[in-house]
Amino acid sequence: MQRSKQQPKSLWQRMWEPKDVQSIAPAKKVLTYIVLIAWTFVVLFPLYWLFITSFKLPIHVSDGPFYIPFIDFQPSLHAWEYIFVDLGSDTLRPYMNSVIIAFISTALAVFIGSMSAYALTRIEYKPKVGSIMGFIAILGLVVYLTVSIKMAWQLSLSIGGALFLMFIFAFNKHFKRSLNNNDILFWIISQRIMPPVVSVLPIYIMFQQSGLLDTHFALIVTYMAVNLPIAVWLMRDFFARIPVDLEESAMLDGASRMRVFLTIFMPLAKPGLAATTMLILILSWNEYLLALFLSTADAQTMPLMVAAQNATRGPQWWYMSVLIVVMIIPVLIAAAFMGRLISKGQLGGAVKG
Amino acid sequence: MSIELKGVRKRYGSVEVVKGVDITVEDGQFLVLLGPSGCGKTTLLRMMAGLETVTEGKVYITDEDVTDVLPKYRDIAMVFQSYALYPHMTVAENIGYPLLLRKTEESAKQKAIVEAAEKVHLEPYLDRYPRQLSGGQRQRVALARAMVRRPRLFLMDEPLSNLDAKLRGHMRAELKHLQKKLGVTTVYVTHDQIEAMTLADKVAVIHNGVIQQLDTPRNIYNDPANLFVAGFVGSPQMNMIRGVIQNGRFSSVAADVHCQTMQDHSDAVMGVRPEDLTIITDTQSSQIGTIKARIYSLELTGDETIVTCSIEDKVEQAQIVVRMPPDYEEQIDAPVEIAITSERIFFFDDEQGSRLRDNSEQALVNDTAMSAMS
Chain Z
730 MQRSKQQPKS LWQRMWEPKD VQSIAPAKKV LTYIVLIAWT FVVLFPLYWL FITSFKLPIH
790 VSDGPFYIPF IDFQPSLHAW EYIFVDLGSD TLRPYMNSVI IAFISTALAV FIGSMSAYAL
850 TRIEYKPKVG SIMGFIAILG LVVYLTVSIK MAWQLSLSIG GALFLMFIFA FNKHFKRSLN
910 NNDILFWIIS QRIMPPVVSV LPIYIMFQQS GLLDTHFALI VTYMAVNLPI AVWLMRDFFA
970 RIPVDLEESA MLDGASRMRV FLTIFMPLAK PGLAATTMLI LILSWNEYLL ALFLSTADAQ
1030 TMPLMVAAQN ATRGPQWWYM SVLIVVMIIP VLIAAAFMGR LISKGQLGGA VKG
Chain R
15 MSIELKGVRK RYGSVEVVKG VDITVEDGQF LVLLGPSGCG KTTLLRMMAG LETVTEGKVY
75 ITDEDVTDVL PKYRDIAMVF QSYALYPHMT VAENIGYPLL LRKTEESAKQ KAIVEAAEKV
135 HLEPYLDRYP RQLSGGQRQR VALARAMVRR PRLFLMDEPL SNLDAKLRGH MRAELKHLQK
195 KLGVTTVYVT HDQIEAMTLA DKVAVIHNGV IQQLDTPRNI YNDPANLFVA GFVGSPQMNM
255 IRGVIQNGRF SSVAADVHCQ TMQDHSDAVM GVRPEDLTII TDTQSSQIGT IKARIYSLEL
315 TGDETIVTCS IEDKVEQAQI VVRMPPDYEE QIDAPVEIAI TSERIFFFDD EQGSRLRDNS
375 EQALVNDTAM SAMS
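Keeping their order, the protein sequence lines are chains Z and R. Residue 1024 in the numbering used here sits at position 295 of the first sequence; the count goes up by one each step and never skips. Residue 306 in the numbering used here sits at position 292 of the second sequence; the count goes up by one each step and never skips.
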């Protein structure tokens, strides 16, 4: 093979070849930035449009498009006045509802989800297939007794519980086939595979029967339950990366499992916790379908309020824009706060090095 | 505090990794569990700690049955191979964690942390995080954390194996010094026989889940119980030569040695350590025996030359290792004669690996030439 001395490169070559292995060729750099700028525009333009629309009069929207305030059109505060002065507490209530429901349900989902994720990474479960079948059969029996024979549910549940206990003590050790942690995890995730519409009617009836429709409680519990699988699934991955040695060492030092979880696992999984919290917060914050069924007035959330601006007179874009602009703010604050945690690596120096 | 294992077994499904182990470690003693990887030594240690359940048998700490006691109630400190430092805590917080869990008073805690840090020379690093420390410093943090609360027992799972060779030697001395000073009973797991020999009061050599020999390092080296112990302990390894014992003679393909008091045995192995061999010139002769060989390689370590020789053998290409003075030099492939210089020669049963012992004192008489196979 010929190994000639360094020959002067042509301009074309210098354009398309990097100076060294750590850099990008100039031409490729230019292309990369063109694509990035184009994509930035795609992402940011809707936000800009939203922002200026909130300052437009209806006539500016219908006669538009107008792009630049003060030049194309004279901005007006009429929509902001309507939302915050005319509607006043009618805006504040859904806003506070959204804050309360989204933040509480997210906190619960992440905390409970983390605990089950911890259990799934560190404790080995072996539920017997036969026992699960038995449980389902006895559940069927309880439903039958309650619905068809009109037995009081307290009685049928007690009978079912007693039967199940007897069944477990008598047969559990004789069953051979058992499931493992991965099966449990898949079962949990499978709850999220089904579209929520499937379960929204039973959930509606459940809260209707218990008289909890249109309460914070109903929405918090539902959002928490819906988002738990995501929390478990994400957190399990983060916990699985924490070396077992840390936990065993802490246990020998005298820590209980709860202590290990709170003082070792949670701090170390901070980036994962932040990412999971952020994701679930956004999901709950924007949730529409369940809120539509479970709330009417008192517990109404912001997405419903925004949708409500699409009234008989057609969509009132200017009011919607105001609502959406104020809706973005808490999520932005949360994202800025969480983002700092996400970028921090925590496991350095745990084991070896 | 003493720890005692009685008939301890551990099974994972149908696989038995610990097959009935009895060990007693006296108060203040340093016991090393030595064995190749997968021999069950770490499982044994983890059963002492309570991190692994015991399938059969009992574990006692100072006569108290702790077989089913949770680790946190056993008052044991363990140093892990990975050090297991809490990365989100400073060195001081790491060392103080066991005291925090015991709700020790703040001033007493600080005092204990500083004391423990002094013992391992870590005072300047108390505010650092583990990721800012070198491997040796992390190792010392782990030691300090183990010492800070004066546990009943130290358990150490290959604590030095992640350090580089130089630091390992230094930490070995440090460990031994600290253990003697604190007088805490220690059980130490390693696969490194030098660590075992240097640190231990007693060594338990473990193979296939069974204790092969439990004795002082000196006896393990000078009086191995079987072929496995003989081969595992010592570096370079003991040379093994297969042959037959008949009429008071050990003979191989082209050699025989008088071993008058030994019983006849058809599948015998003779073991002789590299330091009990020397390469002789034509003019010299040996009182005990010689082996004909060819030089295979020479490795100068500084204070000695390790000479590997290939043995002239039709059946198998075998090697034999001899320790020579550092000034020894020879061409590769040169034919040499190796002499046995000591009467420390061991015989084993080739199949069972058990030691063949004579009735009276072992006497070996040199025969003319001796070649061997192994």
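Incorrect hints may have been included.
[Stated by the list, open to error] Below, computed lysine to aspartate or glutamate pairings styled on EDC-like, alpha-carbon distance capped at 20 Å:
#1 Z/Lys855 to R/Asp77
#2 R/Lys20 to R/Glu107
#3 R/Lys86 to Z/Glu977
#4 Z/Lys999 to R/Glu107
#5 R/Lys194 to R/Glu107
#6 R/Lys86 to Z/Asp974
Read the hints as simulated data drawn from the structure, not as lab findings. Just so it is clear, the structure is predicted and the values come from calculations on it, not from any experiment.
Outcome of the hint check:
At roughly 35 Å between alpha-carbon atoms, Z/Lys855 and R/Asp77 are farther apart than 20 Å, so this suggested pair is violated. Proposed proximity of R/Lys20 and R/Glu107 is contradicted: the alpha carbons are some 38 Å apart, above 20 Å. In summary, the hint linking R/Lys86 to Z/Glu977 is supported, as the alpha carbons are separated by about 10 Å, within the 20 Å threshold. Taking the CA atoms of Z/Lys999 and R/Glu107, the gap is about 18 Å. The hint holds against a cut of 20 Å.
Of the pairs offered as hints, the one joining R/Lys194 and R/Glu107 is violated, with about 26 Å between alpha carbons and a cut-off of 20 Å exceeded. A distance of roughly 15 Å separates the Cα atoms of R/Lys86 and Z/Asp974; the hinted pair therefore holds under the 20 Å criterion.
Checked against the numbered hints above, the structure violates hints 1, 2, 5; every other hint is satisfied.
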